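Number of protein chains: 2
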Amino acid sequence: MVESSRIYTAALIVIGDEILSGRTHDKNIAQVATWLGIQGIRLKEVRVVADDTAAIVEAVNTLRARNDYLFTTGGIGPTHDDITVDAIAEALGVAVVVHPEARAILEGYYQERGGLTDARLRMARVPDGADLIPNRYTGAPGIRHGNVFIMAGVPAITSGMLDALSGQLEGGAPLLSETIGCWVQESEVADLLGRTEQAHAGCQIGSYPFWRDGKTGANFVIRSVDAEELAACTRALIADLEAMERPAIPGGI
Amino acid sequence: MVESSRIYTAALIVIGDEILSGRTHDKNIAQVATWLGIQGIRLKEVRVVADDTAAIVEAVNTLRARNDYLFTTGGIGPTHDDITVDAIAEALGVAVVVHPEARAILEGYYQERGGLTDARLRMARVPDGADLIPNRYTGAPGIRHGNVFIMAGVPAITSGMLDALSGQLEGGAPLLSETIGCWVQESEVADLLGRTEQAHAGCQIGSYPFWRDGKTGANFVIRSVDAEELAACTRALIADLEAMERPAIPGGI
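Those protein sequence lines, which keep their order, are chains A and B.
The opening residue of the first sequence carries number 1 in the numbering used here; numbering runs sequentially from there.
The opening residue of the second sequence carries number 1 in the numbering used here; numbering runs sequentially from there.
Just so you know, the hints here were simulated from the structure itself, not pulled from any lab data.
Careful: at least some of the hints might be erroneous.
Taking lysine-lysine and the DSS-like style, the derived pairs with C-alpha atoms no more than 30 Å apart in a straight line are [as the list claims (entries may be wrong)]:
1) 215/A x 215/B
2) 27/A x 215/A
3) 27/B x 215/B
4) 215/B x 27/A
5) 27/A x 27/B
Source: prediction; values computed, not measured.
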């Protein structure tokens, strides 16, 4: 057994009318979730809110208080609908200031791209007391203030900012997982899954059904921070499925 | 000008550890958002929560109180990790009961599929006082209780439940939109966008930058419930972009 260690949690706020209208399909939830898992941090909750100051302030203050880390994506560009920095500064109770290093980065980036206009300078504005998160794509940096990490909405830029943060945040034991696929209706094995989970302390089993080529199947995902318990639970589930003449397919279907 | 009409709002709760772990990429946010737009209902906020009773209860009670409609996806299958019905009944302060019509539907569906086991009967359980939402794919129905709509997590099944609800919910004037693409850095037109939005009451302009084939562009989405204002705002923005020798590309890039 692994020594029980503290569980580190994070929340994510996806900011943007374009997600709530259905126009843009969010890619940041899965990206941030996967990255956090590797850092040993659990994504506990996500909220998608509009480009609306009150909505952002409410979400920021609720989620930063009850998680180790809070990430946001979206709303940090140069246009009038980019209100994330102002809203988060309001939530934190601090002023918005131009960060000198961000200003210097943007001056360099825009030197041969038409110069640093007032609109572009907006991207150097941060809640007072913030540090920067490098962005190797477009100059404009992300922002860290305490346990709040403010990132871009464009997934490729978000990805670069996450890379810059890799290994920088304290996490706990990563949640390990095994996936087993099976051509079975999940309702046939519902009792088995529940019993197997109960018999293996610290393991959770998720069941995800699908229909493919006219056939019914399910993937079972077993999760634990303890590699030995995880392996034992996985072996037990495979054996029980075999006993039902429903062969388990390691890695999932 | 359209007579100002009441704005109808909805919230969505996506329930499931598989979304928060990054394993499954959510497709229901965009699907529900688009469907709501057609019904004349605005998706105001989304929360993704774990398969955890307390988290579901908190989200349900906050969001159903401040929106006309609340939708949930996920957690209504037959396995031990499907706790949505119990959690929502707790939030509503009602008991969980077997719905006779749901039981009859499932008996029919499973008649030639091995019979209605206890696990399968779980899918006939509803918060007391609920009505059913038909599901033409797998028998197991969705559930409506007051302004709360409980739907499946598998996107194809969610889609069928939304179809069954189409035209059933009272909405307001649909939010109309026009999209204009332009090969321009959004920072070059930031002031223009802000001025144009201010000059056209009831219009919002969103700016969504991208980088493609080494070139920088942006799509501008103009939204309004008033078709005339929308058209006037769109024409004004196109004319101003032309004046900058940045031709607008109707429909977006």
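| field | Hints not upheld, ascending by number | value | 1
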